[in-house]
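With the hints as constraints, model all of the structure from the sequences given.
As you go down the protein sequences, you meet chains S and X in turn. So for the first sequence, my numbering puts the first residue at 8; every next one is plus one. So for the second sequence, my numbering puts the first residue at -4; every next one is plus one.
Bear in mind the hints are in silico, worked out from the structure with no lab data behind them. There may be inaccurate statements among the hints.
[Said to hold, decoys possible] Over 12 Å on every C-beta distance to chain X, these chain S residues come out as not near it, computed from the model:
| no. | residue |
| --- | --- |
| 1 | F66 |
| 2 | P187 |
| 3 | K227 |
| 4 | A298 |
[Claimed, not checked] Simulated pairs of lysine-lysine, BS3-like, Cα-Cα distance not exceeding 25 Å:
| no. | chain 1 | residue 1 | chain 2 | residue 2 |
| --- | --- | --- | --- | --- |
| 5 | S | K101 | X | K25 |
| 6 | S | K101 | X | K83 |
| 7 | X | K3 | S | K109 |
| 8 | S | K109 | X | K25 |
| 9 | X | K19 | S | K94 |
| 10 | S | K101 | X | K19 |
| 11 | X | K19 | X | K3 |
[As the list claims (entries may be wrong)] Short, incomplete list of chain S residues facing chain X, as computed with Cβ under 7 Å:
| no. | residue |
| --- | --- |
| 12 | T95 |
| 13 | L102 |
| 14 | T106 |
| 15 | Y123 |
| 16 | I125 |
| 17 | H231 |
| 18 | R233 |
By construction, the Cβ of each residue, glycine as well, lies at the ideal position given by its N, Cα and C atoms.
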Amino acid sequence: MALAASLCLYLYWYIGVSAGLTSVIQKYNLDPSQFFEINTWVVILVLSILVGIILVGVFVIFVYNQKTWQLYRLQRNFINNFTHELKTPVTSLKLYLDTFAKYDIPREEQIRYIGYMIQDVERLLNNINRILNLARIESGNYWKEFVEVDLVDAVRQFYQNNADLFRNCEVKVHNSAGTPLYYPINPLLFDMLLMNIMTNAVNYNESANPRVDIHFVPQKKGLHIRFVDNGIGIEKSEIRKIFRMFYRVGHQEDIASGSGLGLYLVQQIARIHKGKVTAESAGKGKGSVFALTLPQRVQVEG
Amino acid sequence: MTGPISKKKILIIEDDRHIAEGLKLNLSLKGYEVMIAPDGPDGLREWREWKPNLIVLDIMLPRIDGLSVLRSIRLEDAQLPILILSVKSEPEYRVKGLSYGVDDYLSKPFNLEEFLLRVERLLTRAAWNDGEHPPAAGLTGHGYTFGGNTIDFDTFTAHCKAGRVTLTEQEVKLLKLFIANRGKPLSRSELLEIGWGYTGTTSTRTVDNFVMRLRRYFEDNPHEPVFFRSLRSVGYMFDHESH
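Now the structure itself:
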């Protein structure tokens, strides 16, 4: 755009200047060389300004191009991963339906396979909800209701409600304050945040005894909730990138499948609560820490 | 055709339990004996111990991915029918799988009837081959010669710079892997995954030690290797001039 505009301007000015010049020379019938002196300087000045504009334009185009490429790559990544997440349950469903259509299977066995199919439908539904939630959070007018909740209790509740997800994983809650910590949160969003952080801790864990320690650390400026795991850890260079939308740590397909949305959602949810999430890790294989920082708490007595 | 006296054995390497069990159900109903392995290392172990007649392989697997499993198997057995079943349907993945020696590639979701027929066909073809050919050797055949060295993969011996050497099974595997990837760099983790079937925690020093040993056997000067070259921050590459 900028390039095209400057080109047009360039031509327009050039034609204007040279036309004006010749007409002036013809009118007064003067010595052309005198005028050329002055006009040359005008032309040089105008040209250098235009070249400057062109350069800036090229630079802007270059930067945008880079950005577009980056987005395109991330999106491709996302599509690849999400394809797997969506196609796997569909494959299973189709396989069982085909089987039922082909064979007469005894009732008891049927019930077991129907159970699988129901789970697959739930998996699909979860995936669909994740995309829809993302769209809603992105659009900005997500649930506005906030409820005053004891966070320690909320985390314990969450753990109990999803105990089967953490069957092989030891989860401990440590509250250094010893008292309930009341914060205004949106329960549904907060659950989603916990779910993403905790499933990451469990999935990206190759240790024989996976464990997650959740520390509540009240501070002057607010509250830290630290999720400390003994999982595969994060490379230093990846720590900032993992919160990007669609970003996945390279070559991790073989460890766990994911959409590249989880931590992005976590960060967005933290922002809705006026807080932020940061990651720390001593390096690959050395576990990782996800710290949720919430602003100054509102004390509710009772 | 009369039914087979002993049931044909099919190994399913698939991490999704639902799909694996659905496949097992169908293949069992067809009269095959079926076993499920949920990840790469497990699959490799079952392949070695249980000796299946056919393998159904997923690509996205925990610990060692399907393509590495495929390459690892092909080092030792070039004939075993392997069918890949993957959500990746793009031609680039099909081509990759086929270039590593897979016999058939179906993308998920698949048609059950088609899957069963393809499996049957693969097994029939394998049965024809059985009597006619000597026992399956890897991609590299029975012997290999490079730069004045001769390796006999049947007797595990090499006539080389270091004289006549008896090779261990692991050395042979590593050699086959290098030869199959002649002129292409192999990373240490690739060597570990495909050559040993290990993953993650095992030290890559193991690889370095083995390569040192191969150099002592085959190089004129083990300290200035010509065939087994180190590539900085990549791994190793095997290459030699053509005969």
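Hint-by-hint comparison with the structure:
1. Non-interface call for F66(S) relative to chain X: holds, since the shortest CB-CB distance, roughly 33 Å, exceeds 12 Å.
2. Every CB of chain X lies more than 12 Å from the CB of P187(S), the least distance being 40 Å, so the non-interface label holds.
3. At the 12 Å boundary, the C-beta of K227(S) stays outside the reach of chain X, the nearest C-beta of that chain being 42 Å off.
4. Annotated as non-interface, A298(S) keeps its C-beta farther than 12 Å from every C-beta of chain X; the closest such distance is 27 Å.
5. The hinted pair formed by K101(S) and K25(X) meets the criterion: a straight-line CA distance of about 18 Å does not exceed 25 Å.
6. As the CA atoms of K101(S) and K83(X) are separated by approximately 17 Å, the hinted pair is consistent with the 25 Å bound.
7. For the suggested pair K3(X) and K109(S), the alpha carbons sit about 22 Å apart, so the restraint of at most 25 Å is met.
8. For the proposed pair K109(S) and K25(X), the alpha carbon gap of about 12 Å is at most 25 Å, so the pair holds.
9. With a CA separation close to 19 Å, the supplied pair K19(X) and K94(S) stays within the 25 Å bound.
10. Between K101(S) and K19(X) the alpha-carbon distance is near 15 Å, which keeps this suggested pair within the 25 Å criterion.
11. The straight-line distance between the Cα atoms of K19(X) and K3(X) is roughly 13 Å, inside the 25 Å bound, and the hint therefore holds.
12. Given hint, T95(S) at the interface with chain X, holds; its Cβ is 5 Å from that chain's nearest Cβ, closer than 7 Å.
13. Interface hint status for L102(S): upheld, as the beta-carbon distance to the closest one in chain X is roughly 4 Å, under 7 Å.
14. Among the interface hints, the one on T106(S) holds; its C-beta lies about 6 Å from the nearest C-beta in chain X, closer than the 7 Å criterion.
15. Because the beta carbon of Y123(S) sits about 5 Å from the nearest beta carbon in chain X, less than 7 Å, this interface hint is met.
16. With a least beta-carbon distance of about 11 Å to chain X, the hint placing I125(S) at the interface is violated under the 7 Å criterion.
17. About 31 Å separates the beta-carbon of H231(S) from the nearest beta-carbon of chain X, more than 7 Å, and the hint is not met.
18. With 7 Å as the threshold, the beta carbon of R233(S) stays out of range of chain X, its nearest partner Cβ sitting at about 26 Å, so the hint is violated.
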